[in-house]
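Undergrad: Chain residues, written in single-letter form:
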Amino acid sequence: MIELRDITKTYHKNGEMEVRVLQGVSLDIQKGEFVAIMAPSGMGKTTLMNILGCLDRPTGGTYRLDGVEVEKLDDDQLSLIRNEKIGFVFQTFNLLPRASALENVELPMIYSPRSGDLSKKAMEALKAVGLGDRIHYKPSELSGGQQQRVAIARALINNPSIILADEPTGNLDTASSEEIMAIFKNLHQEDRTLILVTHEADIAQRAKRLIQMKDGKVVQDKKIG
Amino acid sequence: MKTERAIKESLRGLGRNKTRTFLMMLGIIIGIATLTIIVSAILGAKSNVMEKVGKFGFDQVAIAAGAGKLVGVPQDVPAVTLKPEDGEAILAEVKNVKGVAPSFQARSLPLKSATSNTDSTVVSSTPSWADVWDTPAVEGEFITDEDLASLARVAVIGKTVVKELFGSEDPVGKQIYIRGVPFVVKGVLQAKGISPSGLDMDGRTVIPLTTGLKRVFNKDYITQIKVKLRDPAKMAATVQDIKHLLRERHNLQAGVEDDFTITTPTQVTEVATQVSTALSLFLIVISAISLIVGGIVVGNIMLISVGERKQEIGLRRALGARKSDILTQFLFESMAVTLFGGLVGVLFGLGGGKILTLFTKLAMVVSWEPFVLAFVFSGVVGILAGISPARRAASLDPVEALRS
Chain Z
1 MIELRDITKT YHKNGEMEVR VLQGVSLDIQ KGEFVAIMAP SGMGKTTLMN ILGCLDRPTG
61 GTYRLDGVEV EKLDDDQLSL IRNEKIGFVF QTFNLLPRAS ALENVELPMI YSPRSGDLSK
121 KAMEALKAVG LGDRIHYKPS ELSGGQQQRV AIARALINNP SIILADEPTG NLDTASSEEI
181 MAIFKNLHQE DRTLILVTHE ADIAQRAKRL IQMKDGKVVQ DKKIG
Chain A
1001 MKTERAIKES LRGLGRNKTR TFLMMLGIII GIATLTIIVS AILGAKSNVM EKVGKFGFDQ
1061 VAIAAGAGKL VGVPQDVPAV TLKPEDGEAI LAEVKNVKGV APSFQARSLP LKSATSNTDS
1121 TVVSSTPSWA DVWDTPAVEG EFITDEDLAS LARVAVIGKT VVKELFGSED PVGKQIYIRG
1181 VPFVVKGVLQ AKGISPSGLD MDGRTVIPLT TGLKRVFNKD YITQIKVKLR DPAKMAATVQ
1241 DIKHLLRERH NLQAGVEDDF TITTPTQVTE VATQVSTALS LFLIVISAIS LIVGGIVVGN
1301 IMLISVGERK QEIGLRRALG ARKSDILTQF LFESMAVTLF GGLVGVLFGL GGGKILTLFT
1361 KLAMVVSWEP FVLAFVFSGV VGILAGISPA RRAASLDPVE ALRS
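As given, the protein sequences belong to chains Z and A, one line each in that order.
Its first residue numbered 1, the first sequence is counted upward by one per residue in this note's numbering.
Its first residue numbered 1001, the second sequence is counted upward by one per residue in this note's numbering.
Calculated from the structure, these hints are not laboratory results.
Only a predicted model underlies this, so the values are computations on that prediction, with no experimental measurement involved.
One or more hints might be untrue.
[Stated by the list, open to error] Only pairs whose alpha carbons sit at most 35 Å apart, straight line, appear in this in silico DSBU-like list of lysine-lysine:
hint : chain 1 : residue 1 : chain 2 : residue 2
1    : A       : K1008     : Z       : K121
2    : A       : K1018     : Z       : K72
3    : Z       : K13       : A       : K1310
4    : Z       : K120      : Z       : K208
5    : Z       : K138      : A       : K1310
So here's chain A without its partners, still in its complex pose:
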């Protein structure tokens, strides 16, 4: 029998008993719909993470002062071991380093303009900060080497700060006070949105490192160094080099813990994916169970159907169907049920996912993956569920089957 005819005949068989067909599909639809929602959610979470890592930068590593610290997480007791000179040394001595931005950061510092107040994260850093953080000034100018040398009281402020302090006015050239120290706004930072750890990147104020350390904070250490690499593929080796250099510079003996923490984009990804992996594993188990149950339902209804259709099977054999033709017919029927159920399930899943995003914060990504997964899973379930009923149908004695 030609495959095309066999498929057509199986579909006709299913079409002739729509209730039975629908019942068989139900379990598969539920299973695949669950699976689709899970996959969409995983993809959504993944794209969230990738977006965050993208903001962090694939070609960057961050060095935080203190052991076991994560960049972007506020520190209660500041580590004092990281110095501005460490940044210069990294740039000078480590290969594959394109730029460094040593900085002293302070959160929630009071800022004041002539008319209003706000809080801002104040970053004292060097002119290379703009390039390393990929955040140039879009209005006015960024801080310069001269500003650094002259301990200039100039500031480049983020869009949120502009909005809070000046509303819709042009801030460039205006005066602000940081912790009571007067500064002139030199430029406005390019908008960056929310950081991996949920901070408003546009709420930052950048001032020269020297000015910050001597005039505002009166400190001689920095909180972090962001390093931009030339070749991100050599990240691991470069991280090792930085580590050796810093340990040497900080006079750390073998066996003593690092007094700094190096964070790479991969680590950011890992932290963010761990949570979603645990949740999705649980959901995958649920969807696997419903697929198995769905498969058992299909198998059993197929078995009952073989019993009910004995006479039809006998007739087909009398009219010239070979055993293999009967086997194929029933196998195709079961696969058609599960594949179609799979397709419906994917569509329900995508629809359900969309509805879920309205009520929850889950990110859902509509993509091709659920279709492929549904095709593979429902195809496999169809074969597994159909094989035993199909073999039973094929092995029926035609004379016995006709007589029933």
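So that you can see chain Z by itself, here it is in the shape it has in the complex:
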């Protein structure tokens, strides 16, 4: 479902210096795969994630998502893809600090063209990640692991086919990391496509396929687990 061909991304720093973050990445990811992308910090992982998540456009190359060439879509169409097909999980959780867990989970539904009972669905999603008794808590009243579970509930609320997780355990202790990885394992069993970016080897080992990147290129791509 994901086809990347010779994807490049170049930033211009201070208008002069060219930084080539991605230097020709080609990848195929099938539906239901659990992929870990490993790279040292600052080696283009996040850029790749943003391109996969249709938040950023590549400088060169082609990206087909479900057979659609993403480069040819306009901003509104990309927004719709992000809303319906992609669930983001961030390292820093990215919850609205003053909003309750429930309101945070409702957020993607607000931008969905589909209608339905927002809070009922959000409540179910929070129950599914074991936070049914915390729906009115603010992020500051939740532990790191709980916050990340709220974020996962948010990512899943529009039933996306792809979950993109950028260092989801980067800010968590070991116990919380285990909880999150257990949830990911379940999602994989539900046949969702999971793409996990990390620099922690033991987290990456939980995936079924490991892609190693270095200097903006794929250096290794193998089945594991």
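Using the hints, position chain A against chain Z.
TA: Here is chain A on its own, set in the frame of chain Z:
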């Protein structure tokens, strides 16, 4: 995104930062409150004027003797050119005239009963006076044509005069002295209150025109003629006709100034509104300035807020918000602030107006107009103040915004 959800999301956004929201509202509240007080005061002044004109009569014109005179204003040197016959001629020759009341009026004349003294405006007029002035006798009778023909010494007196001379006694049939001339009280005038120029309408005494001219004042001219029209819509034409007739009767050559002055209800309105217009213009400028300042404050705080909420904007974009969704959210936020501020401002304004009426003589009218004005003005200010921050928010690069 559905409008209803967008509004709800904007309100949530505002509710999450109440201090900021309140600060943004403050200027708008002050501006709209000022505006409301002004509008209430203007409406109050207007209703005052209308009330006064209502008393003057929408279907009446007054002709005063002398050039450039206003009816109801005392005259130092009396003009002698207006005669009782002028009134008869107007009734007979001018179309659209329903009735005329020629009268000779004298102010502050000493009146005496058996037991006490007072001053009264004595009006010498004809029986039609009651109809033209809309002031019939409520006790006893009004003067009649026979009284006029026989130069009868009868008087119809106002409620204030009754109170001063007779207290709570029934005055009808009792004797009074006007300038020492004995009269019999024939009736009591219907109560009318205070006139446009601030005179006590119930302080009047009406006697037959003939009696007044020959027995009390020894004059052959009158001071004014009040004319009641059939169709008030044709007032302008009728006034012209009266003018032509009087000029002809007074043998005025072309180019010579009128020796009489015709006053219409519209003129009364104009005089009364001129003063309040000047004052309200000044206040409108003040309220406009405070609304502009309020709008600038809202705009700037919104701009700061966009800067502070970059990450939120990036997140929303990542979760599927289109540029237009972000634009709408911020625009709705700014409009919600100003509209709610406007509503609070109107309520404060109405409350403030009420308090002002306790300390000043300003008349305040509580009406729907301030609500409409507040809605329109604060809505416009909200859009103007919100559009630039909202566009900035919408045009943020989602990747950059998320990273911040």
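Undergrad: Each of the hints needs a verdict: does it hold here or not?
TA: Here is how each hint holds up against the structure:
no.: 1; hint: A:K1008 x Z:K121; result: 17 Å, holds
no.: 2; hint: A:K1018 x Z:K72; result: 42 Å, violated
no.: 3; hint: Z:K13 x A:K1310; result: 21 Å, holds
no.: 4; hint: Z:K120 x Z:K208; result: 34 Å, holds
no.: 5; hint: Z:K138 x A:K1310; result: 20 Å, holds
Hint 2 from the list above is the single one not met by this structure.
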